[in-house]
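Colleague: Model the full structure from these sequences, guided by the hints.
Residue numbers (the numbering used here), protein chains in the order written: chain V, 1 to 380; chain Y, 1001 to 1330.
Please keep in mind that the hints were generated in silico from the structure rather than gathered at the bench.
Some hints here could point you the wrong way.
As the list claims (entries may be wrong) - Stretches of chain V that chain Y covers, calculated by requiring three or more beta carbons in the stretch to come under 8 angstroms of a beta carbon on chain Y:
(1) 205-217
(2) 220-229
(3) 301-315
(4) 332-340
(5) 356-364
All residues carry an ideal CB built from backbone N, CA and C; glycine is no exception.
Residues per chain, in single letters:
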Amino acid sequence: MGSWMGLALPGLPHLHRGKWLEGGVLLSLWLGLLALAVVRFDRIVGAFRGGLDERIALLTLVLVLVGVWAWAWRSGSGALSGQEAGKGHVGRPLSGGWAAFRRNRMALLGLGAAVALYLAMLLTPLLAPFDPLSMPAFEEGGDLGLRLAPPSAVHIMGTDQYSRDVFSRILYGARISLIIVLLAVGISVALGTILGAVAGYLGGIPDAVIMRLLDMFMAFPSIVLLLAIVALFEPSAFLVIAALALTQWPYTTRIVRGEILALKEREFAEAARALAFSRGRVLFRHLLPNAMPSVVVVASLGIGNTIVLEAGLSFLGLGVPSDIPSWGTMVDQGRAYLLDSWWVVTFPGLAIALAVLAFNLLGDGLRDALDPRQGERLAR
Amino acid sequence: MLVYAARRVLAAVPLLLGVATIVFVVLALAPGDPASMYLRPGMSPETLDQIRRNMGLDAPLHVQYGRWLLSFLQGDFGQSLASGIPVKDRILEVLPNTLLLAAVAILLAFVAGIFLGVMQAVRQHSPLDSVLSGTSLFFYSMPSFWLAIMMVLVFSVNAGTVWGWPVSLPPSGMVSDGYDLLGPMARVRDRLLHLVLPALTLTLVLTGGIARYVRNSMLEVIRQDYIRTARAKGLPEWQVVWKHALRNALIPVVTLLGVYFPLLLSGTVFIEYVFAWPGMGRLMVDSILLEDYPVVLAGTFLFGGMVVLGNLLADLLYGVVDPRIRRGDG
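Modeller: And the structure:
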């Protein structure tokens, strides 16, 4: 089997050699994206003149195709065959777990789904079959029968009460939900990490203050605190992000503090102190990098929890404005048509559940791979 | 035990104060004038000033804070703007409904979770174990409000049509219309039927996490020497598992009770909303839509307070089941 096969169809040589997983992923990505490029050829042409969204989608398409091809070429040509990634490798804190991670099939599935979700988010302008806001039934000469149409070959997840395509709305809804969630988790994890590191390293009064504050915040069920904040302040996307971040930091803080407490007793920390490094340097250059595996795990599980919270807030009509398609809003608006049109509410909810599942699997897998001791699950 | 209990109770008091403080901070940081909640069309500026004085808003912030804390801890939450009756009465009306729902759900969830967790641990790595793990993670990942709607779809709206489910369970409320006309037995039946879907949904949300925790705890215990001794004595396997091993595996599960209170109460908010269950969560969401802020703030405080009390209860229970805790520095 010559490597020329791998040039035309990346992944095929892998399949031939029995590397089913790698080959399958590469081949399906390659064929899927090529098919997408053919089907949406007019949009790709239009994307050159289009807005930022379309251009990003086009760039993503090209980069992923090149990436798939380069990966297949590298691993297919045997350059790496002697040296399997991660085997016996001792290095930076995050690199050691890959070997353990890839043995965990559920975790790989979670990673795959999370990456697929991210790609879908970037590719949405090319992927979505319809405009998420267009209501053909209400245009000139529109067919009112297009409203609440059951799933069919054209509308694979049916249409809603305004004849908008549910599948396209889910794709566009993923973007707004995920952007909010990723920003909120980013802020809360950064904040939580710093507070946890300071509390664990300094001890004494700063520790006591931070931990008591944390106890108070953790006493509120997240959604209740969110509701109170959203109810009293001017509603906006920024408020939702800030409120979500505010409810999520204690989990990170608690984990990081525990890690730092254990790490600061280790020999390398003592050595760093003996070298008269400043406290900031010991903490942020020597201790914190070793706590990062736990942070990654918390962040991943936190994304799952925050997706649910954000969707819940939108579902109650208190999240992002309801004219923007978001998963929670779609479930809320579809609820009135439950009796005859199950698809309007079922598919967006399923999208939430699968996205959350992906990040939970990923988080669990990462935890098992990086840090088998940590057994506790995070509460929402 | 008394010393331990006293220490736990004392630790809960500042936490309760802290919870009230956070609610105050949210209110103080919120834009706008709290007195404007009472603003009605055609009100003169003087009247508004009077209201402001009556509410104590002319006092410095720390004095306001002291008064606020005092009245909150005494259970005086002011008056509901929407209905005009004291917030306290509004809440006392709905609180038992939330507690009923939460109690039934957590009881069912722990029974089911313990049972499933033990089954999984005993058959570790079997197909049953993997299927149950996957299923519980899937249910754990579902948004509770969507699961609630799906339950309505399957067991209420589509009962008797798509599949063989015979009884259409009531999808909303605590009792049917015309409940007052029913006889005593029919009333009990009506209430139970209305409880089924909300309680079951909440149970499904909670069970997965509990099962997973029990499984891990059980796996740790089952490898210990005394279990081997029990088997060597010739005890039947069910006795080894369900009596000897489970008793020790359940000790850490008690702490889970504390961890689960926030999750449980978050769940009740959504489930009460979907099933129109007249409880605290439903009251809070309705009050937000009505801009009835005194109720929202009191509800927030009470949810926090319930978690604090729940954690206290779990701590005390932990002391009861595990003597090491109450003798140590606890």
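Colleague: Now, for every hint given, state plainly whether the structure supports it.
Modeller: Evaluated hints:
{"no.": "1", "hint": "205-217", "in the structure": "holds (count 5)"}
{"no.": "2", "hint": "220-229", "in the structure": "holds (count 9)"}
{"no.": "3", "hint": "301-315", "in the structure": "holds (count 5)"}
{"no.": "4", "hint": "332-340", "in the structure": "holds (count 3)"}
{"no.": "5", "hint": "356-364", "in the structure": "holds (count 5)"}
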